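**Student:** Sequence:
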Amino acid sequence: MGVKTLVRRLPGVVSGVRLGKRMVAIARRGKMGAYAGAPNGEHGLGILALPDSRHRFVGYYDHSPFKPDDERLLLVHSTRHPAWRRPSAAVPVCIELINHQDSTVVCELGESYAWNWQQGARALWLNAETIIFNVYDSAMDRYRARMVRCDGTHLADLTIPVQEIDSQGRIYGLSYEALAAVRPDYGYRNRQPGSHELAGNAIEQFDPSTHMHNVLIRLSTLQKQAQTRHGSPIMQAKLNHVMASPNAARLVFLFRYFVGGRRITDLYEMSTNGGPARLLVADSGVSHVCWWGDDKVIATMMGVGGFGYYVVPIDAAEPTLMWAQQDGHPSCVDERYLLTDTYPDRYALRRLLMRSVDTGGLTELGAFPEPLFYQGETRCDLHPSLSPSGRYIQVDCAIGHRRSVAILANPLFGGGGA
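If you read the sequence shown in the numbering used here, its first letter stands for residue 1, the second for the next number, and so on.
To be clear, the hints were calculated from the coordinates, so they are not data collected in a lab.
Everything hinted at is true.
Quick list of the computed label-pair ranges, beta carbon to beta carbon:
#1 168 to 263: 30 to 36 Å
#2 194 to 391: 44 to 50 Å
#3 228 to 129: 44 to 50 Å
Since the structure is predicted, the reported quantities are computational estimates derived from the model, not experimental observations.
Don't be surprised by glycine CBs; every beta carbon is placed ideally from N, CA and C.
All chains, please: the whole structure from these sequences, using the hints.
**Tutor:** Pasting the structure below:
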């Protein structure tokens, strides 16, 4: 048994090692003296400062939390659950509409017991007046998506949970039970599924306007293909991170599994109208993805140039290295600029970065300290996202051991550049 495999099977050892490394990093940061714990002054910073003691966070980086027609308003999750502890199915998150300019709660949209620290309850703007988020239906013992108006009025509970929405308003779901079993960072803890449910994992599509429901791809189909390709049984397979193209024509998603103790990640793409899923990038450790237009994605992965940000064309051309850089959560500001972040460095600081695609020029917009006890599932990734106009940048951050949300001015909006 290899050292890495042994360590993975001893979670107490993993936690101890992480804690020790974090203590060293924080001590190192202290020796630096003053540090840029807030963004550079010219970019401005507003931290949500509500008078209560609740933790607040947005969640994932792939959708803007700003109201499409009023960028003063922000969709956030809040909870009293200790932020350094794993989520509890007994403690809910509240879905709130916040005015970030005066740090007030405009409306409480509902609550959910189906959530995690990385993506919350997957609260998303379906359109300028409608929000969707996941809930656990205890009567039916299932996860489903709930649609509400921006004043909190209940509209409908859908037959599937939401993982992704496209620009045509269609909803895509997958198995949060499977994620809870093999990657709890992104799963929910409300129910224990049977083996038949895990085996039936699939990416599903639901159109609220027509009530049409389709199964686009089943996990079992990809499992068979992967086992043929590797010549070995695959274990702990799961689907995650479904992302629709801006024009709603294509999907990309990650298929992760283990072969002989080694974790493998494949990047797939397929039409939103169904049909076969096509393998884009095989076994290259794809971690995070964003669309760059409708015909290519940017992926953090290991390629011929080492680990970095690669441009992956959907037409099956080879990926090309854009930027040799550590992992982060990328978003395309436009065709010219990339917004991303880093994981904690040797000073336990997460960096918020803007990079010019044309020149390679890099601007650090801020450095945010990671608290001592935020580890593993309870980490606080920045997960940066943009407002629809591009005027504002939002990040999740920690003030002490309290989760909060920071709003920055986009330096490009006033005509500046990286």
